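Turn these sequences into a full structure, and let the hints steer you where they fit.
Residue numbers (numbering that gives the first Met the number 0): 0 to 267.
Think of the hints as simulated: they come from the structure by calculation, not from any bench. Any given hint could turn out to be false.
Unchecked claim - Distance ranges between label pairs, derived from CB positions: (1) A133 to K69: 47 to 55 Å; (2) D190 to A117: 30 to 38 Å; (3) K188 to A62: 36 to 44 Å; (4) E58 to P123: 23 to 31 Å; (5) L168 to K65: 38 to 46 Å; (6) A117 to T201: 47 to 55 Å; (7) K135 to D67: 20 to 28 Å; (8) K188 to M106: 32 to 40 Å; (9) R92 to E140: 20 to 28 Å; (10) K65 to T201: 47 to 55 Å; (11) K242 to D70: 48 to 56 Å; (12) D83 to N137: 50 to 58 Å; (13) G85 to A258: 37 to 45 Å.
Please read all numbers here as calculations on a predicted model, not as lab measurements. Just so it is clear, CB atoms sit at the ideal spot from N, CA and C, and this is done for glycine as well.
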Amino acid sequence: MTIRKLNKTLRDFKKAVTYGILAFFLISCIGIVVVDKVGQRKQAERQATAAQNSRSDVEDWKARLKEDPKDPFVHRNLAKAYFDAGKIPEALRHGKEALKLDPKDEMTHLALAHFYQAQQKWDPAIGHIRSAIALKGNEPEYHNRLAYCAFQKKDFGLAVRAAKDALALDPNNPDSHSLLFSIYSSQGKEDLAIQEGEKAATLNPQNLLLNLLLAIYQLGLARALAKMGKRKEAEAKLSLALKTAQAEKRPDAEKRIKALLKEWNKGS
Numbered sequence: 000m001t002i003r004k005l006n007k008t009l010r011d012f013k014k015a016v017t018y019g020i021l022a023f024f025l026i027s028c029i030g031i032v033v034v035d036k037v038g039q040r041k042q043a044e045r046q047a048t049a050a051q052n053s054r055s056d057v058e059d060w061k062a063r064l065k066e067d068p069k070d071p072f073v074h075r076n077l078a079k080a081y082f083d084a085g086k087i088p089e090a091l092r093h094g095k096e097a098l099k100l101d102p103k104d105e106m107t108h109l110a111l112a113h114f115y116q117a118q119q120k121w122d123p124a125i126g127h128i129r130s131a132i133a134l135k136g137n138e139p140e141y142h143n144r145l146a147y148c149a150f151q152k153k154d155f156g157l158a159v160r161a162a163k164d165a166l167a168l169d170p171n172n173p174d175s176h177s178l179l180f181s182i183y184s185s186q187g188k189e190d191l192a193i194q195e196g197e198k199a200a201t202l203n204p205q206n207l208l209l210n211l212l213l214a215i216y217q218l219g220l221a222r223a224l225a226k227m228g229k230r231k232e233a234e235a236k237l238s239l240a241l242k243t244a245q246a247e248k249r250p251d252a253e254k255r256i257k258a259l260l261k262e263w264n265k266g267s
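Here it is in structure tokens:
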């Protein structure tokens, strides 16, 4: 196979994966689109209640702060209340004040990281997560948060290392395997992606979204293999995709994957 044909095949594979994922989300969104007006009104009421609660929380913590302006716990919770109310500058200001009062509080570092992530400021977010890990490095979730933030930044090397650090602490952490599935998928490392996706799905079989994305990814790879003339390998991936969907034991998942399989067979 020439380099030109190989590049075209890889491009076709990426398109297949993209279209598959888009198809899944399109199907998933149908239920959202047809929500009745009563459901929409209830959702609006819940959002209004949440906003009111956030404003109430801000006032409560501001009152607490007047009683003890040097309490880092109060500053941190006021920061979170401001963040929930959509006031990120105020959230950052009180988060930083909490950190000045207690530099060794890893929870404040994680809160600040969350605020920065919401602004897509990856470097300061990563810095605060690393500080939290330095203070308490035996928490797999902290390493997972670093992996996810690095993944958002598209620093795949750091993302992989952080997820593997989490697995070193907890080899059966489904979130770590799920993160590696996403990272390897983005890098085009098909075999590693499927391997990690299957581990995550085995450890967390109730995660319907993960199972469907894994199956769709396998479908995309099957299409690419078929275009390369590797029919047996393609059929093996199709079989894996269907088994992954059926592992959920949910008819809606199986129906969606079979619909995708039918579409694939038409074009093969």
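Taking the hints in turn, this is what the structure says about them:
Taking the beta carbon of each, A133 and K69 are about 25 Å apart, not inside 47 to 55 Å as hinted. A hinted range of 30 to 38 Å for the beta carbons of D190 and A117 is consistent with their spacing of about 35 Å. Taking the beta carbon of each, K188 and A62 are about 53 Å apart, not inside 36 to 44 Å as hinted. Checked against the hint of 23 to 31 Å, the C-beta distance between E58 and P123 comes to roughly 28 Å, which is consistent with it.
A hinted range of 38 to 46 Å for the beta carbons of L168 and K65 is consistent with their spacing of about 41 Å. The supplied range of 47 to 55 Å is broken by A117 and T201, whose beta-carbon atoms lie about 32 Å from each other. Distance hint for K135 and D67: a CB-CB separation of about 25 Å, consistent with the stated range 20 to 28 Å. In this structure the supplied range 32 to 40 Å holds for K188 paired with M106, their Cβ-Cβ distance being about 34 Å.
At about 26 Å, the CB distance of R92 to E140 agrees with the hint of 20 to 28 Å. K65 and T201 have their C-beta atoms about 52 Å apart, which keeps the hinted 47 to 55 Å range intact. Between K242 and D70 the CB atoms are about 55 Å apart, so this pair conforms to the stated range of 48 to 56 Å. The given range of 50 to 58 Å is broken by D83 and N137, whose C-beta atoms sit roughly 29 Å from each other.
Range check, G85 to A258: about 40 Å between beta-carbon atoms, so the 37 to 45 Å window is met.
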